[in-house]
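With chain A held as given, fit chain B onto it using these hints.
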Amino acid sequence: MRRIALSRIACAGAVLVVAIAGCGDLSRGELSRGVESLSAIAAQGELIASGVARDATKSTYTRVMAKTMGGEAEHEAEKLADAEPEEAVAGERHAAVLVAEEIAELYSQLQIFPGDEHHGAVVQKHMEAAKEKADAIAERLTGEEQ
Amino acid sequence: MKAILKIALGVIAALGGFLDIGDIVFNTQAGALYRYDLLWAVALGTLGIAVYAEMCGRVAAVTQRPVFDVIRMRLGFGPGLVALVASTFVNLLTVAAELGGLAIVLTLLFDAAFSLFVVLAAIGIVIAVALLPFGGIERVFGYGGLMMLVFVAVIFHQDPDWTAVGNGFIPSFSGSALYFYFVVGVFAAALMPYEVHFYSSGAIEEGWTTENLKENRLNAIVGYALGGILACALVIVSGYLFHPLGVEPTDLGTAALPAQGAFGETGLLLALGGILFCVGGAAIDSSFAASYNLSQFLGWEWGRYRGPEKAPRSTASWLLFLFLGLLIVLTGINPVEITEYSVVFAVVALPMTYLPILMIAGDRSFMGEHANGRISAAFGWLYFALIVVLAIVAVPLLLATNGGGG
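Top line first, the protein sequences correspond to chains A and B. Under numbering that gives the first Met the number 0, the residue at position 51 of the first sequence is numbered 50, and the numbers go up by one with no gaps. Under numbering that gives the first Met the number 0, the residue at position 233 of the second sequence is numbered 232, and the numbers go up by one with no gaps.
Just chain A, with the same shape it has in the complex (with noise of 0.2 Å):
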């Protein structure tokens, strides 16, 4: 009985071992967590974004605002870009990345163009968009998880 049982817990082990060599350090709740951020920074971003727009804002605010929130969508892009993904997710993730990158770049040119209000307004659309992609992969990956 008791030889039974430990082989029992050894194939469990074997098996769990497997399940998580193959799993990757990303799993889809980490990835959605990371994509909800990112499309949290979009938001704020098309905020700042429209004060520009507006010219309803001042430069030094918006310019260190961009260098701050910018630096975390490229945190947040490092960060998934290093994660080693769970195989069905790595599409989304590559995604993210990308929309990560996107997200960054924007916020870059507010930081150069910080009282024109044409830039403002493009970056403000742009940053809109950025968030509906990343809320688009989110929505993805907790759908399927249903």
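None of these hints come from the bench; they were simulated from the model. As the structure is a computational prediction, the values presented were derived from the model and not from experiment. Among these hints, one or two may not hold up.
Across the chosen pairs, the derived CB separations fall in these ranges [said to hold, decoys possible]:
| # | chain 1 | residue 1 | chain 2 | residue 2 | range |
| --- | --- | --- | --- | --- | --- |
| 1 | A | His74 | B | Ile169 | 31 to 41 Å |
| 2 | A | Ala128 | B | Pro132 | 48 to 58 Å |
| 3 | A | Asp81 | B | Gly331 | 13 to 23 Å |
Negatives, chain A to chain B, calculated, CB over 12 Å [claimed, not checked]:
| # | residue |
| --- | --- |
| 4 | Thr59 |
| 5 | Glu73 |
| 6 | Gly90 |
| 7 | Glu104 |
A virtual CB, placed ideally from N, CA and C, is assigned to each residue, including glycine.
Relative to chain A, chain B alone:
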């Protein structure tokens, strides 16, 4: 007329001493995450600080003993020392967080290196304290902090769903650890111990006696209520603007965005100016509180009114706390993260300073006819029970939610 003016100034001082980086960070994040659902916790915390501050001010006015004098007398040296170490640790984190907050706002206004502004902020505080009398410090930062009223104007500009806002004052429990973490956060941010340590020592600085008890009550109730209104305004404007968009305010500058959205550059400058004065005032209050606590516990001469010549050890300890706070921020730790830790650890240390005050405020042999009445005692003990529960769950919630990161 003079009495009314004095009370008005006291109220402004209390208002200025209420809002700090912890309130701004936690209330803005609470609104963004849970819309208006945590307004009840802000109101609960505001009532708590008013109850606690009123007791501390009354004890100081009647017995001429500030908080840490009472703590050593009631708890004795050993347990009192534990309370002192815990409070000093929290105060030091708070000084660092406020200095970092000051530097963030200055960076947003003038765009230069953050570390340069941290050093300039500390120098600015030393100059302000050297040049201004005690009452002057309170009033300059209190008046400046009134710029935060722009957030109340933003509410009316946004015209939120008032029924939903009203419902936010009814306690609700979502069941998630993150929600409870924010309940603890907004409650603790309102009840930061340094606020009452400073308030009570300020009563001694200004020579309060039993004749000032009415003033004390009005300052505590009206001043902290106004502070509470501003804290609620931060939750409401953030809930209205950030919640539907899914914005996660991780930076102090984000808190000013609703004012910019409503009133453009003027709104932005008023919001940043208000934050600057509130955080600057809190940097002075928390560094003073750290020095007051140490001096009162060790029996040193203390008090701004005595001057550095007559209170050299107290003055030196104040400069040391400011310097240590400066070093903490210069390590590069994000001031918003320091704020979150200081607020959570503050609620852990709170029962150790709250209980001795509650006991002496109810002791007729010390307080005579000014001891806690039935209502004050009931509120006092109710809040003590609540604080103990929050102190127990605060650190597990901090760990379970990864510091509010979910």
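Ascending list of hint numbers which this structure does not respect: 4
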